[in-house]
Amino acid sequence: MNGQTAPRWQAHCEALYRQHATRLIRLGRLVLGDQQEAQEVAHEVFLKLIRTYDGPVVPIDWAAWLTRVTINACRDRRRAGWWAWSRRHRAPEMLELVDRGATPEQAAAGAESGARIAAAFQRLSPRQREVFALRYIEGMSTHEVAGTLDLSEGSVKRHLFRAVKYLRGALAEAGSEGGYR
Amino acid sequence: MKRCLSERTLWLVHEGAAPEQDTAHLEGCLDCTARYRHLDDDLDEITRALRDHPSPIGRAQRRGRRRWITAAAIVAGFGLLAGGEAILWRESKALVDPRPETTAEALSLLEEVTLLLSSSGVTAASVLVSDPSTVIAEMTSQESYEDDPIAGGGGRL
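Chains as they are written, first to last, in this note's numbering: chain A, 860 to 1040; chain B, 1352 to 1508.
Be a bit skeptical, because a hint or two may be false.
[Stated by the list, open to error] Derived lysine to aspartate or glutamate pairs resembling EDC-like cross-links, with alpha carbons at most 16 Å apart:
(1) A:K1024 - B:D1391
(2) A:K1024 - B:E1358
(3) A:K1024 - A:E1003
(4) A:K1024 - B:E1366
(5) A:K1024 - B:D1392
(6) A:K1024 - B:D1395
(7) A:K1024 - B:D1393
(8) A:K907 - A:E873
Because the hints were derived from the structure by calculation, they are not lab data.
Pulled out of the complex, with its shape left as it was, chain A reads as follows (with noise of 0.2 Å):
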């Protein structure tokens, strides 16, 4: 990179990070289940950005760019071992977050219900999570869903629509025994 590039691309980067910082991170919290884990799937994510790039600005859809490479940072966090061993053995603790002290009965039935959703979508397939969070969450089509993730557009829907089942029954358990909505 010669001089004249160099500062331009740094405020590129620093452009894309404040963009998209924020909604890489909750997209890797949706599909891996875990804060710090997307914190640091994010800055993999921009530390890949700056080494890959490494010349003048090119004209690309840097959001796709970015939610391709989150999602694939988030694969293989999740191929890794020690990952799936962890997952397995903190499992048994989401069902602690379902009996938690009590608040100001609204906010504790909101609360519950929401434990519940962000519980029962992590109980769902890691292609399932993916293919909500990028639907719903991040507001891409099906069509664009389905080019993130090198699949058929059927394929998709077919995902999507389990997983918004699963999700409307967890949420329908959740008002039921809370007495919410």
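Dock chain B against the given chain A, drawing on the hints supplied.
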């Protein structure tokens, strides 16, 4: 009238991926319209919960990490305590129960000193001023005392 829409078709309508006739049915069926609104509300609720709610596993993991750290600290504490105790025990044992080599050396020295002091040709003073090895050599050699004319006189001072 067409049968009410299935859950999947209703969801496809929501996604904008359903055929025209299903969308038309939805407009004319109160039941399906109510179910559609319910689906829309549920998706809003789920999306909001997932956006806003902190990760359950993240919290559980932090709690799990804290437990691991506590357990590791307890184990390390016990290890240090046991190690320290073992060192102290070994030192105290060494003080109470002297090593056999030391005893043997001490006994041998005492024996030599006794032999030296009890011998007729050497006085305590001579032992003190002379080189011990020389004295011992002299004492153990019987001829050297007999041949020495001064030995019978009680010392070499």
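Hint check results:
Using a Cα cut-off of 16 Å, the hinted pair K1024 (chain A) and D1391 (chain B) holds, with the two alpha carbons roughly 12 Å apart. A threshold of 16 Å between alpha carbons decides the hint, and for K1024 (chain A) with E1358 (chain B) the separation of about 9 Å falls inside it, so the pair holds. At roughly 22 Å between alpha-carbon atoms, K1024 (chain A) and E1003 (chain A) are farther apart than 16 Å, so this suggested pair is violated. For the hint pairing K1024 (chain A) with E1366 (chain B), the CA-to-CA distance comes to about 14 Å; that is within 16 Å, so the pair holds.
Proximity of K1024 (chain A) to D1392 (chain B) is assessed by CA-CA distance (about 13 Å); at most 16 Å being required, the pair is judged to hold. Straight-line distance between C-alpha atoms of K1024 (chain A) and D1395 (chain B) comes to about 14 Å, which keeps the hinted pair within the 16 Å bound. The straight-line distance between the Cα atoms of K1024 (chain A) and D1393 (chain B) is roughly 10 Å, inside the 16 Å bound, and the hint therefore holds. Distance restraint check for K907 (chain A) and E873 (chain A): the Cα-Cα separation of roughly 14 Å lies within the 16 Å cut-off, and the hinted pair is therefore satisfied.
Hint violations for this structure: number 3 only, all remaining hints satisfied.
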